[in-house]
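Peer 1: Between the sequences and the hints, there should be enough to build the whole structure, so can you do that?
From first to last, the protein sequence lines are chains A and B. Quick note on the UniProt record's numbering: the first sequence kicks off at 1 and runs consecutively. Quick note on the UniProt record's numbering: the second sequence kicks off at 1 and runs consecutively.
Below are the DMTMM-like pairs computed for lysine to aspartate or glutamate, each with C-alpha atoms no more than 25 Å apart in a straight line:
| # | chain 1 | residue 1 | chain 2 | residue 2 |
| --- | --- | --- | --- | --- |
| 1 | A | Lys207 | B | Asp134 |
| 2 | A | Lys202 | B | Asp134 |
| 3 | A | Lys205 | B | Glu141 |
| 4 | A | Lys205 | B | Asp139 |
| 5 | A | Lys116 | B | Asp139 |
| 6 | A | Lys116 | B | Asp134 |
| 7 | A | Lys24 | B | Asp129 |
| 8 | A | Lys116 | B | Asp65 |
| 9 | A | Lys205 | B | Asp134 |
| 10 | A | Lys24 | B | Asp139 |
| 11 | A | Lys205 | A | Asp190 |
| 12 | A | Lys24 | B | Asp65 |
| 13 | A | Lys207 | B | Asp65 |
| 14 | A | Lys207 | B | Glu141 |
| 15 | A | Lys24 | B | Glu141 |
| 16 | A | Lys116 | B | Asp129 |
| 17 | A | Lys116 | A | Glu141 |
| 18 | A | Lys24 | B | Glu95 |
| 19 | A | Lys202 | B | Asp65 |
No lab work stands behind these hints: they were computed from the structure.
One-letter residues, chain by chain:
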Amino acid sequence: MDFDPSANRVVGTARIPGAPAPKKAPVPVKIIVAGGFGVGKTTTVGAISEISPLTTEAEMTSESVGIDNPGQATMKTTTTIAMDFGVLTIDQTLKLYIFGTPGQTRFAFMWDDLVKGALGALVVVDTNRIDDCYPAVDYFERLGLPFVVGVNTFNGNMAYSLDEVRWALAVREDVPVISYDARFRASVRDALLIVLDQALDKAIKMKS
Amino acid sequence: MSYPDPADEPVPPARPGVRPFLQSGPKHSTGGYTPTGEQPPVAAQTNTLRPFVITAGRTDGSDPDIGMETQVTMVLGAPPSRLSPETRAIVSLLEESPISIAEISARLRLHLGVCQILVGDLRAAGQVDVHVIDNDTPDPETIMRVIRGLRSIS
Numbered sequence: 001m002d003f004d005p006s007a008n009r010v011v012g013t014a015r016i017p018g019a020p021a022p023k024k025a026p027v028p029v030k031i032i033v034a035g036g037f038g039v040g041k042t043t044t045v046g047a048i049s050e051i052s053p054l055t056t057e058a059e060m061t062s063e064s065v066g067i068d069n070p071g072q073a074t075m076k077t078t079t080t081i082a083m084d085f086g087v088l089t090i091d092q093t094l095k096l097y098i099f100g101t102p103g104q105t106r107f108a109f110m111w112d113d114l115v116k117g118a119l120g121a122l123v124v125v126d127t128n129r130i131d132d133c134y135p136a137v138d139y140f141e142r143l144g145l146p147f148v149v150g151v152n153t154f155n156g157n158m159a160y161s162l163d164e165v166r167w168a169l170a171v172r173e174d175v176p177v178i179s180y181d182a183r184f185r186a187s188v189r190d191a192l193l194i195v196l197d198q199a200l201d202k203a204i205k206m207k208s
Numbered sequence: 001m002s003y004p005d006p007a008d009e010p011v012p013p014a015r016p017g018v019r020p021f022l023q024s025g026p027k028h029s030t031g032g033y034t035p036t037g038e039q040p041p042v043a044a045q046t047n048t049l050r051p052f053v054i055t056a057g058r059t060d061g062s063d064p065d066i067g068m069e070t071q072v073t074m075v076l077g078a079p080p081s082r083l084s085p086e087t088r089a090i091v092s093l094l095e096e097s098p099i100s101i102a103e104i105s106a107r108l109r110l111h112l113g114v115c116q117i118l119v120g121d122l123r124a125a126g127q128v129d130v131h132v133i134d135n136d137t138p139d140p141e142t143i144m145r146v147i148r149g150l151r152s153i154s
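Peer 2: Structure (structure tokens):
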């Protein structure tokens with residue numbers, strides 16, 4: 001068989017001598033894009049992803065998740081939720097996943113799975129419905145996950161200024177509140193870079 | 001044991017999807033058996049496919065470390081094994097390149113939890129490798145690489 005496992009790989013990426021063989025799996029990292037319904041999470045994911053966003057469905061239970069407790073199976077309530085996600089290949093050994101996730105409180109358990117190992121989060125805000133993002137902000141604050149509040153400017157007009165949004169959310173001083181346009185790749189990239197800056201600050205603090 | 005000639009076999013669909021009779025969920029039940037005494041649990045009435053059929057009744061993830069972004073690779077030269085349609089579809093996805101659990105779930109339209117269980121099965125059978133990341137906390141060097149990579153896109 002003349003199947004070459006490296007045939008499908010990205011060409012043009014420099015391969016460091018002595019680096020692991022191409023068939024080795026890349027290290028995945030992830031960023032969460034959270035927020036209320038219809039604020040532009042999927043648009044954000046789609047703008048930065050190198051593939052068109054995929055959707056995965058997960059059956060989420062509101063209790064007993066991860067606990068071997070079959071006796072209580074009938075007590076669980078299950079919800080099927082859909083998550084959109086995209087991929088960005090940083091290089092052959094590093095892949096960035098961007099997960100867009102529903103922001104409703106009742107999906108809290110799914111979030112625990114989702115945020116495990118996440119670098120940080122972008123909380124997308126629509127100034128017409130600021131309170132939609134409260135559960136996400138609460139959750140990331142409680143968890144200590146680095147996050148950035150990104151006001152999606154849709155048509156370039158915002159009902160409130162960034163200062164007013166910051167006041168409404170009452171986030172800590174060191175949490176950036178920025179505006180961006182989910183439709184444009186460069187704008188989403190810059191927003192994610194701010195998330196990564198926050199993640200880096202935290203990682204350096206934890207290491208020292 | 002005899003197998004049909006490969007040429008006679010219909011080409012397996014790339015996407016097995018949901019078994020047709022499960023697609024419409026319990027509300028179109030054809031069953032003759034209707035419980036009379038106890039009411040079925042509320043969860044069973046939701047209009048979804050029943051993933052536990054595919055996982056042979058299991059609902060617990062085989063390994064809590066298998067996350068959505070966890071990468072799965074094929075084991076080259078794995079011994080041939082009789083696989084269910086779903087697990088065979090997973091293996092054939094891996095022929096191209098390493099892939100995450102979330103991508104498997106999306107491409108095969110299987111629930112995330114189902115994929116986690118099936119991939120755990122395949123790992124136990126020696127068909128795939130699951131690359132679990134040991135440390136939960138991201139290290140600065142990795143983040144720097146992501147930052148550099150992101151900056152380079154336009």
